[in-house]
Every structure is written in C-alpha cells, then in structure tokens.
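So you can see what is in the structure, the chains are spelled out below.
2 protein chains.
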Amino acid sequence: MDDHHHTSSPQVESQTLPADPARRRFMQGTLASTAALGSLGAASLAQAQTELKRSTINHYHIPATDQTVHWGYFSKSLTPLVEVESGDFVTIETVTHHAYDDYERMIKGDPGVESIYYWDHTRKGVNRRGAGPVDASLFGRGAGEGLGVHICTGPVAVKGAEPGDILEVRILDVQPRPCANPAYKGKSFGSNAAAWWGFHYNDMLEEPKPREVITIYEVDATGERDWAKALYNFRWVPQTDPFGVVHKTIDYPGVPVDHSKVQENWGVLKHVRIPIRPHFGVIGVAPKEADIVDSIPPSYTGGNIDNWRIGKEATMYYPVAVAGALFSVGDPHASQGDSELCGTAIECSLTGTFQLILHKQAALKGTPLESLTYPLLETRTAFLVHGFSFPNYLADLGANAQSEIYQKSSIDLALRDAFRKMRHFLMTTQRLSEDEAVSLMSVGVDFGVTQVVDGNWGIHALIKKSLFVGGEG
Amino acid sequence: MDDHHHTSSPQVESQTLPADPARRRFMQGTLASTAALGSLGAASLAQAQTELKRSTINHYHIPATDQTVHWGYFSKSLTPLVEVESGDFVTIETVTHHAYDDYERMIKGDPGVESIYYWDHTRKGVNRRGAGPVDASLFGRGAGEGLGVHICTGPVAVKGAEPGDILEVRILDVQPRPCANPAYKGKSFGSNAAAWWGFHYNDMLEEPKPREVITIYEVDATGERDWAKALYNFRWVPQTDPFGVVHKTIDYPGVPVDHSKVQENWGVLKHVRIPIRPHFGVIGVAPKEADIVDSIPPSYTGGNIDNWRIGKEATMYYPVAVAGALFSVGDPHASQGDSELCGTAIECSLTGTFQLILHKQAALKGTPLESLTYPLLETRTAFLVHGFSFPNYLADLGANAQSEIYQKSSIDLALRDAFRKMRHFLMTTQRLSEDEAVSLMSVGVDFGVTQVVDGNWGIHALIKKSLFVGGEG
Numbered sequence: 090m091d092d093h094h095h096t097s098s099p100q101v102e103s104q105t106l107p108a109d110p111a112r113r114r115f116m117q118g119t120l121a122s123t124a125a126l127g128s129l130g131a132a133s134l135a136q137a138q139t140e141l142k143r144s145t146i147n148h149y150h151i152p153a154t155d156q157t158v159h160w161g162y163f164s165k166s167l168t169p170l171v172e173v174e175s176g177d178f179v180t181i182e183t184v185t186h187h188a189y190d191d192y193e194r195m196i197k198g199d200p201g202v203e204s205i206y207y208w209d210h211t212r213k214g215v216n217r218r219g220a221g222p223v224d225a226s227l228f229g230r231g232a233g234e235g236l237g238v239h240i241c242t243g244p245v246a247v248k249g250a251e252p253g254d255i256l257e258v259r260i261l262d263v264q265p266r267p268c269a270n271p272a273y274k275g276k277s278f279g280s281n282a283a284a285w286w287g288f289h290y291n292d293m294l295e296e297p298k299p300r301e302v303i304t305i306y307e308v309d310a311t312g313e314r315d316w317a318k319a320l321y322n323f324r325w326v327p328q329t330d331p332f333g334v335v336h337k338t339i340d341y342p343g344v345p346v347d348h349s350k351v352q353e354n355w356g357v358l359k360h361v362r363i364p365i366r367p368h369f370g371v372i373g374v375a376p377k378e379a380d381i382v383d384s385i386p387p388s389y390t391g392g393n394i395d396n397w398r399i400g401k402e403a404t405m406y407y408p409v410a411v412a413g414a415l416f417s418v419g420d421p422h423a424s425q426g427d428s429e430l431c432g433t434a435i436e437c438s439l440t441g442t443f444q445l446i447l448h449k450q451a452a453l454k455g456t457p458l459e460s461l462t463y464p465l466l467e468t469r470t471a472f473l474v475h476g477f478s479f480p481n482y483l484a485d486l487g488a489n490a491q492s493e494i495y496q497k498s499s500i501d502l503a504l505r506d507a508f509r510k511m512r513h514f515l516m517t518t519q520r521l522s523e524d525e526a527v528s529l530m531s532v533g534v535d536f537g538v539t540q541v542v543d544g545n546w547g548i549h550a551l552i553k554k555s556l557f558v559g560g561e562g
Numbered sequence: 090m091d092d093h094h095h096t097s098s099p100q101v102e103s104q105t106l107p108a109d110p111a112r113r114r115f116m117q118g119t120l121a122s123t124a125a126l127g128s129l130g131a132a133s134l135a136q137a138q139t140e141l142k143r144s145t146i147n148h149y150h151i152p153a154t155d156q157t158v159h160w161g162y163f164s165k166s167l168t169p170l171v172e173v174e175s176g177d178f179v180t181i182e183t184v185t186h187h188a189y190d191d192y193e194r195m196i197k198g199d200p201g202v203e204s205i206y207y208w209d210h211t212r213k214g215v216n217r218r219g220a221g222p223v224d225a226s227l228f229g230r231g232a233g234e235g236l237g238v239h240i241c242t243g244p245v246a247v248k249g250a251e252p253g254d255i256l257e258v259r260i261l262d263v264q265p266r267p268c269a270n271p272a273y274k275g276k277s278f279g280s281n282a283a284a285w286w287g288f289h290y291n292d293m294l295e296e297p298k299p300r301e302v303i304t305i306y307e308v309d310a311t312g313e314r315d316w317a318k319a320l321y322n323f324r325w326v327p328q329t330d331p332f333g334v335v336h337k338t339i340d341y342p343g344v345p346v347d348h349s350k351v352q353e354n355w356g357v358l359k360h361v362r363i364p365i366r367p368h369f370g371v372i373g374v375a376p377k378e379a380d381i382v383d384s385i386p387p388s389y390t391g392g393n394i395d396n397w398r399i400g401k402e403a404t405m406y407y408p409v410a411v412a413g414a415l416f417s418v419g420d421p422h423a424s425q426g427d428s429e430l431c432g433t434a435i436e437c438s439l440t441g442t443f444q445l446i447l448h449k450q451a452a453l454k455g456t457p458l459e460s461l462t463y464p465l466l467e468t469r470t471a472f473l474v475h476g477f478s479f480p481n482y483l484a485d486l487g488a489n490a491q492s493e494i495y496q497k498s499s500i501d502l503a504l505r506d507a508f509r510k511m512r513h514f515l516m517t518t519q520r521l522s523e524d525e526a527v528s529l530m531s532v533g534v535d536f537g538v539t540q541v542v543d544g545n546w547g548i549h550a551l552i553k554k555s556l557f558v559g560g561e562g
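From first to last, the protein sequence lines stand for chains B and P.
Mapping of the first sequence onto my numbering: position 311 corresponds to residue 400, and the numbering continues sequentially without gaps.
Mapping of the second sequence onto my numbering: position 323 corresponds to residue 412, and the numbering continues sequentially without gaps.
Honestly, I wouldn't trust all of these hints.
Treat identical chains as interchangeable: a pair holds within one or across any two.
Only pairs whose alpha carbons sit at most 27 Å apart, straight line, appear in this in silico DSS-like list of lysine-lysine [said to hold, decoys possible]:
1. 197 with 276
2. 454 with 337
3. 553 with 401
4. 276 with 401
5. 449 with 350
6. 197 with 497
Think of the hints as simulated: they come from the structure by calculation, not from any bench.
Please read these numbers as outputs of a predicted model, since none were measured by experiment.
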C-alpha cells in the first residue's frame, strides 16, 4: 500500500496480485481518476445502487504476466486471480496479441510481456492459445489452434455474484503501456493486421492477391498527443515458429515475426493522423454454455464486442452467467473505426482501472436493469446496445456453435438484433410504449457497424442521453 | 430583384420562377449564408475550380406548387423549370409527402402546399404520384400507383452539363417551412409514419399486429429551439380517398387522413427532445437508365439517400448522367436517425438554398473528382461515401430492376459497396496505396447504417478531414 492509493472515505486499500513491483509505476495516478465516479451523471442507470456501505474499498493491481493471462478463450473453469467485493477497484494490465509483429517495439525489455510471449524450441510462456485442442490435433498450428486469439488478463471473481445478477463495470482510466525498450522511451506501439479474416480479403484490387499486410503504428505514451501515426508496413510471409511449424498466414497468435524475412516499407500514411480512441476490444464475463469458449465471437456476456466507445469513462453492464461472474479484459486497442474492416484495430497494450459493482437479482426489481439480458454500454453522453448476428450464439447454434458462427456472419441479422435490443431498452428503462420506441428509433437513434470480422458480427444502436429531459429532472 | 439579394461581387440577380410573392418571405436572409462559401475549407475537394469568372451570378427562387413538383419519380424527360449557369444560386421550396397526415398543421392556409395536395372527386392538383402506370392498372391505388412517393421540386437544368461531368451542390441554408395556419404561428410540423415498409413491421411485440402508426412532431420555425417534440400519435385505419379508393395501409402518397376516423393519443414521448437535423432525404440528378424512375431507391445519381448529414453547409458531388443534369430536391426531414428504421423520418417541409457548380469532364483530369462514379458527401468536418445494396441498381438488375430491388435489399451488400467506394475515395483523392487505404479504413473510418427502408439499402462510410494533415498544409 502506498500513499497514492489513499482517499479519505471510503478508504482504499491497495493490493498487487501477484506481486510485481516493476509494474507498479503504471498504477500511479489512477486513483485521481476514481474521483470521477460521482460524475457519471444523473442519467446513470444504476445510480441509486452505488452508495456502498463499506468503510474500506480495496484497489487491486493485476499485472500481465504468463501467470495472469488466459490466451484466446473464456472459461468458467478458470481459477480466479482474485476475488473482489462489489465496489472494489481493479487496475488491470492488458497486452495485445499482436506484439510479436514488432518485438523491438512491443515486447523487448518488458518482463511481463516477455514472459507471456516466451517461446523457444522447448517451451512457450503461455502454451494454450485458443479454444482448440491442446494437442493441436485439428490443424497442427499449435496448442489451442489459435481458435481464439486474444490475450485476456483475469479472471477476476466478484464475491457473491450469481447467474441472474448484473455486473456493472466502470472504466475509470485507460493508459497506453509505455515501450520498455530504451530506444523508444515515451512511446507506445501498435500493430494493425489486414488479415485473412478481414472484410476486404477476397476483394482486392492489386497483386499479389490475396495478401496479408501488417502496419505498425506509433502512439504517444506520455498523453501529450492524441493521435497515432503509421510508421511502416510489411507483407506477411511464411513464418516458422520455434516449434518448427510454418505459418503461411496469420493463423496462430504470437508467432514471432522474423524481420529479416519481411520487407519494411517506411513512410506509409505519411500525412495521416489517426485520432486515438483507447479501449478494450475484449471485456466481459464468462459464459455458462460451454467450458472453453473461443475469445473471438462476442455474445451476451460481452467479450470481443470491439466497440471503440468502451474506453475511459464508459460503463458496461453485463448479465452474470456463472458464479463469481469471472471478469476478464484483453484485446487492447489504441484506435479502431466502426467496422474494424480489415480484421484488427491498432492493437496496442493498455492498462485500465475498473470499478466492479454487483447488482443482485433481488435488488433489480423495478429498476432499469431488471430484464437486461445483453451487454449494455453507457458513455458520458449516450446509451448503446449491441446487436449480434446471434445474440447468444452458443445457445442459438447448438453443439457446433463455435465453428458454425463463422459460417453465419451477417450484419443484416445483427441489425435485427440491435433493433430488438434498443426497443427493449427504450421500453424498459424509459418506460415507452412500443409505438413510442419505434418512432423514436427512426428519428433519434443511430445504428452503426461495430465490427464485421469477429464471426458474430455486430451492429450497435446509440441514443444520446440528452434526448431524455425527464430523466435529468 | 430586391436589396436582400445583393452582394458586391459577383453581382447576384434574383429571379422567382414561377412568380409567387407569397413565398418570397422565406428567401430573406439566405444570401447571408452564401458568404459561407469561402469557408468550406482548404480540404474542400473542388476548391480550385470555384473561381467563377462571371460578373453576374443569378439567384433563382422556386416555390413549391402543383406546377413545380414531380411526385414520386425522377425523369430525364421532364421539362426543366429553369436552366441555371454553373455558380448560380437556387432557393428551392420542398414539401413533405406526409403533410396530409395532419391537414390543419401541414397544409391549411399554405397556397403552395394546398395546390399540390388538392384532391376532390374530380381532380387532383398533382395526378401522377409514382413511377407506376397513370391509369393505375397494376393495383388500382391511383395514378403512378405510389411506386415512388416523394414530392420533388424541380428539375433544375444546369447549362452545359453532360454525362461524364460532375455536379457539385452546395447546401447553403435549410429552414423549416412555417405553418401557414394562424392557429400554429411560429411552428412547423412533421409526421413520422411507422409503416409497412419499416424494418420493424413484421417483428412487433404488442397487438394488434401488424399496425401502422403515425406520430406528429412539432418543430420550432423561428430557429430558437434546436429540438423537436412529439405531439400525438394515431394508428392508421383504412382511409377512403376522394376518388373512392380505400387505402387499408399507407399505399399511396397524399391520401387525406380523416381525423374523425382515427384516435389521437396525446402526450406521447412526453419527456423526449429530438435534436433537429434538417436535411433533404431526396436530392440528386436524373438517371439515364430509364425514363420514369421510382423516387424510393437511391442510386449513383443520389436521390433518396436519406443521410441526415445532407443538410446546411454540406456539399454533394454527383456524376451527371443526362444532359442538363436535371437536379431535383424533395423528401425534407426535420430529423432522422441512422437507419430510418420505421420507414420515415420526421417528414417536414423545408426550404433550401443551393449553389450549383458544374465541373466539366475535361477539367477533371488529375483532380480528386476525376473518377467519381458515385454520390459523395462533404460536410464541414468529414467526407462520406454512400454504399448501396446495388450501386446502380437500374443497370445492375436489368429490365425489372425497379421491382426486383425491393426483393434484394441487404445491408451486407451495402457494406461491401461502401467498402469499395471508400477504398476508391482514399486511393484517388488522397493518393494512398491499397494497403494504406485498407489499414486506414479499419482504424479511422466509421461505417454506419444510412437506411434500411428504401429498397436499395444504404451503408455510409465517414472519414474525418482532420485525419489528413497534409491536405491542410
């Protein structure tokens, strides 16, 4: 515990799990952000429930290491790193699964990231990567087969959470992870892979077709610059991993890219500044429908929603599906456009500070959260619902859901789901009739393309809080 | 000509066609807005071509009357109301095709609107409504059969315009049309119809299913209030038009709604304020592929794009398809959400002031507009391309295109088209490589749902101008 983590009331006690003093420097100043708690606004859905009656609130710190991440999957069977109480704070480091696209800028010198990516001819720091078989008996790509790709930090258990409850997750702060290589002090880096799962891949103009192209972006880690810039790009060429498996395409996460084999093209996107929108592509709780679940398709428990608005000052509400909720975070992005068209964002390691608040089912009666069965996003200015091709694909598609979802991607279906969810949101939280909700949706709700690259494609519907004048009075 | 329409240089001469002094009051002050011309910014695509060498620029005024509108269709065979020269201004009144949903608030006392909607047992002010047969031999609904619904004012011919040229349309001002009924002085009104062509129609919760519901909104016409509010709604019941045809659903535009037969529910959406976004749902030039073209599906010539960003200070660029371009405007909206989910926006009569600038094909070589084959939108802060299920459905779907398009609506297809157009835009206007464009689209371009109710469904892609620092230097 140190002085940075004191507030007057309630008292915050600070714990780092597991202990890793080297990571503590990222935590400084996060508590200043927690002062923003009270400013979430009168329109905040769960306002009434946030008066916590505890005198001490804990603030946990979870560094990202080979011991604290699960790679490529959610699982209700994972042992929690920590069990928090409702109201506690957790600062969680997250590491991008694209860091080995540029080892010098995204791994080197960072003990946590090095431990995760460690891979020699005998051993990987994290062996299983994905929800596939550990013996790689399907495709021979590697343990987990890359059926699921995101490095997720967690899970965090929430004491007393049970199916039927709602977990509120307030994102209080998000910071880029500074590069640990002294050559690039003060900077962070991200990778954008235009990959085989991108919307563009079978629809190219120029030769060679098809091709995968990785673009490395630079992000300012000091917070002074609010834009990212591209440094260089290179075309993916077959890469042989330390176990001897050749990866002709980007088919397994964390494969070391040998830069002696690729051609770096510098000076790309020379006059373009990408506004940064730091956020977590993957953030959510464990589903109950299967034991090991591919991290790629989003679902009712959240996960890989890939909405760039899930950043600082946003709040997510999730239906709890398993005991303890089992909250995990990963897939950090420095920026992304609505659609994530080419398959990835600017994939860049980030550290977030979260407050987890449990709403017990019994206390939900009569509240706006009573019948929430989908992940709901509240930003400072808006509410958003997330529609998917299949709202709960694991249940909707049956035993082979995890492979079939990729054959059934459709934004037409996702729009249908987003429409139904926004109608439900307006009728339950704003107590509108169906006719009122439908008219309002047509004249005052904006539907956007969240992503078309995650199997279970997404459409979000956004309504500004400022429309509800009654809600402010 | 009056003093309101003078500027120092170039001189603006004012003409009203046809003469209708009663409408002149709407024109006052529009010239102040034209001073905004120079402020479209360094990033304006066509900046270099706007130094007009003429000493006199005309400002035409086109009131909306039964003599100046074509209802429900575009046509290359229409006689232009006026022929303007490149650089001229045109103030155009537009009237919503939903005005008869509330005669007292949207028609009564307004000679222009009354002339358009006139309908007794012997005669209609405007007989043909839609691209269908004038003898109503298909469905017996009425002349034109309502295959196309929008009241369009125009066309305006542009002198010297030929296929291959680009027409730039600058929207300098947009104002609501004040209610002419003294009982509602200072107000304007709009109608939102949740209709059978809406995305929600076959997916309702409450009985009776299905149903059509019209909501009447009030808009401030004085410009002091930037939001609309709902007044009341009513369920559509069969309406008998003055020719004796019964309309069980909203199947023909301009059918008088007998309010003694509907139940008005007042106080709906009581605590909701809809931010106004005045814009033109239909705005574009005549296509060449067919003679009489249904006004509903948008296409490469624009038309019913239904993007709420096509309002004041926006600029549209269209490929010219026929001699004279034949520019028309209609389907005025006080506000709309991205998707126009239930079938309509807040349909509310508006008056717009436009400057039309012709870019001859020969002068396009080497400019960003050289290979533009789709309608491009430039706002103060962004560029947008519009993807459709079929980019030129009249050509893509062949002889039966005008009926088949409604069977083939898909936002999955529209996203494909929007992706290709944004890639083209970035590669041509910003001179990016394909790989640069694809990466940028994934990390800095937002794709949204324009509309899912116009047959040829739309997805737009938006990129902010601020990303291009080079373009500003």
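Structure-based check of all given hints:
no.	hint	verdict
1	197 with 276	within (13 Å within a copy, 66 Å between copies)
2	454 with 337	neither (54 Å within a copy, 42 Å between copies)
3	553 with 401	both (18 Å within a copy, 22 Å between copies)
4	276 with 401	within (20 Å within a copy, 41 Å between copies)
5	449 with 350	neither (55 Å within a copy, 49 Å between copies)
6	197 with 497	neither (40 Å within a copy, 52 Å between copies)
The structure fails to meet hints 2, 5, 6 from the earlier list, while all remaining hints are met.
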